[in-house]
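**Q** Sequence:
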Amino acid sequence: MGSGEFEFQINNIHPQATLQPVGDGIVVDENRNGLSRRVRGTLGSSPLALEWRFPNAKNYRFAAIGDTGGDEELRWVLARSEQLGASFLLHLGDFNYQAGDYDRPRLRLTKPLSLLTSPSATTITVPRGKRT
8 MGSGEFEFQI
18 NNIHPQATLQ
28 PVGDGIVVDE
38 NRNGLSRRVR
48 GTLGSSPLAL
58 EWRFPNAKNY
68 RFAAIGDTGG
78 DEELRWVLAR
88 SEQLGASFLL
98 HLGDFNYQAG
108 DYDRPRLRLT
118 KPLSLLTSPS
128 ATTITVPRGK
138 RT
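Take any residue in the sequence shown, count from 1 to its spot, add 7: that is its number in our numbering.
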């Protein structure tokens with residue numbers, strides 16, 4: 008990449024969210040893969056903000072949970088959230104209890120589960136626990 012060019016990957020972006028660049032610069036391309044996006048572009052002489060906008064709706068249904076661990080409890084929460092028609096799941100953290108726990112939920116939250124890949128669903132994670 009040359010001077011002023013950028014490329015990065017960002018995760019947990021809703022499938023229906025659209026990228027809205029604000030400022031000085033150009034987004035060359037945005038590749039989508041499930042909940043991940045890889046963005047390439049060039050910077051201008053002033054700041055460039057990249058905002059993903061979710062389609063407006065009058066109401067959103069969501070689930071919130073914390074202290075799930077990263078195994079069967081999290082799998083159940085994802086399935087139950089989908090059954091209840093949640094548009095997204097807000098995880099309040101604390102899924103890291105022992106070695107390997109941090110990696111298991113990361114895998115669950117990026118695999119193509121139906122809740123995560125349906126047109127109206129996304130996952131937002133706010134980690135609070137210790138990371139190993």
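Rather than coming from a laboratory, the hints here were simulated on the basis of the structure. What you are looking at is a predicted structure, and each value in this text was computed from that prediction instead of being measured. You may find that some hints are simply not true.
With beta-carbon atoms standing in for the labels, derived distance ranges [said to hold, decoys possible]:
no. : residue 1 : residue 2 : range
1   : 83        : 51        : 43 to 49 Å
2   : 25        : 91        : 22 to 28 Å
3   : 86        : 19        : 16 to 22 Å
4   : 61        : 82        : 21 to 27 Å
Yeah, the Cβ is synthetic: ideal placement off N, Cα and C, and Gly gets one too.
**Q** Would you say the C-beta atoms of residue 25 and residue 91 sit inside 22 to 28 Å of each other?
**A** Since residue 25 and residue 91 have Cβ atoms about 26 Å apart, the given range 22 to 28 Å holds.
**Q** Verify the CB-CB distance for residue 83 and residue 51 against the hinted window 43 to 49 Å.
**A** Roughly 47 Å apart at Cβ, these two residues keep to the hinted range, so it holds.
**Q** If you check the beta carbons of residue 61 and residue 82, does the distance land in 21 to 27 Å?
**A** holds (25 Å)
**Q** Just to be sure I understand the hint, the distance between the Cβ atoms of residue 86 and residue 19 should be within 16 to 22 Å; is that true here?
**A** For residue 86 and residue 19 the Cβ distance comes to about 19 Å; the hint holds.
The earlier numbered hints are all upheld by this structure, with none contradicted.
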